[in-house]
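Given the structure of chain A, go ahead and fit chain B onto it with the hints provided.
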Amino acid sequence: MIALTGRCLCGSLSYQTRGSPFLSVYCHCESCRRATASPVTGLFCMNRGQVTWEGERRYHRSSPGVTRGFCGTCGTAMHYMTTRWPGEIHLYAATLDDPTLFTPSAHMHWADRVPWLQIADTLPKHPRALP
Amino acid sequence: MSVLTGRCLCGALRYTAPARPKWTALCHCESCRRAASAPVVAWMGFDEDAVTWHGPRAIFASSEIARRGFCPTCGTQMSFQSTRWPGEIHLYAASLDDPERYIPDLHCHHGEHLSWLKIVDDLPRHERSAPS
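If you read the sequences in order, they're chains A and B. If you read the first sequence in my numbering, its first letter stands for residue 1, the second for the next number, and so on. If you read the second sequence in my numbering, its first letter stands for residue 1, the second for the next number, and so on.
Isolated chain A (complex conformation):
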């Protein structure tokens, strides 16, 4: 996988990556669930320099050190950045032009999952963040 492309719902914000993600995971944390209005989301992690954006991003600081980017026109959540992992950007698998390319390797914040979404797979399930 050399390049990934993705976009928001309205298409006014898009991105292209150079290279493949170094990590792809499900996140069940309350903050991601609320940001994506969903019971679980999928994220893939890149170095910021590997991602080129087209269009205007709006930002929300959801907690100290955390910046979430979204499309101001349609609201689609696009990425997560934190000073805890400087230089990284985490993008949402569901924004990929071809989301079937996403290959999750683990669940994180499994302890925070909602009880009504019954996921059964053989992936590692970390109660909190990755070790």
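Read the hints as simulated data drawn from the structure, not as lab findings. Bear in mind that the values here come from a model prediction, so they are computed numbers and not experimental data. There's no promise every hint is true.
Said to hold, decoys possible - Quick list of simulated restraints, FRET-style, between CB atoms: (1) A:D121 - B:G111: 13 to 23 Å; (2) A:F22 - B:V3: 43 to 53 Å; (3) B:D122 - A:T52: 38 to 48 Å; (4) A:P64 - B:W23: 37 to 47 Å.
Virtual Cβ for every residue (Gly too), placed ideally from N, Cα, C.
Below, chain B alone, put in the same frame as chain A:
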């Protein structure tokens, strides 16, 4: 009388809704997935007049018949309305203050589901919209 309350990520947009949704559904359609940035979303249906909003709600017309509401401050998706279901408004279970109260009734648009999300349950799975 008990009610449901919910909010966006930043808390600037909140709602109050009846304790019992008219219906609930897990939706796998591409539009919902892309709007929310998630592989599946969980809906609750209400009469539009029964939901009270507090705070500004931005509206995006995602098709000729659909209007999606979101928080202009943090982007959280908050509502869906369509001329296909006049008088109704659909809210996201994940925006509930207590999302554990949610009980999904069925899967809709399962024909569009992403194969990497392995959900196992006994709920009905409709290839497209659920019959009303």
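Verification of the hints:
At roughly 21 Å, the beta carbons of A:D121 and B:G111 sit within the given window of 13 to 23 Å. A:F22 and B:V3 have their C-beta atoms about 45 Å apart, which keeps the hinted 43 to 53 Å range intact. At about 45 Å, the CB distance of B:D122 to A:T52 agrees with the hint of 38 to 48 Å. Distance hint for A:P64 and B:W23: a CB-CB separation of about 39 Å, consistent with the stated range 37 to 47 Å.
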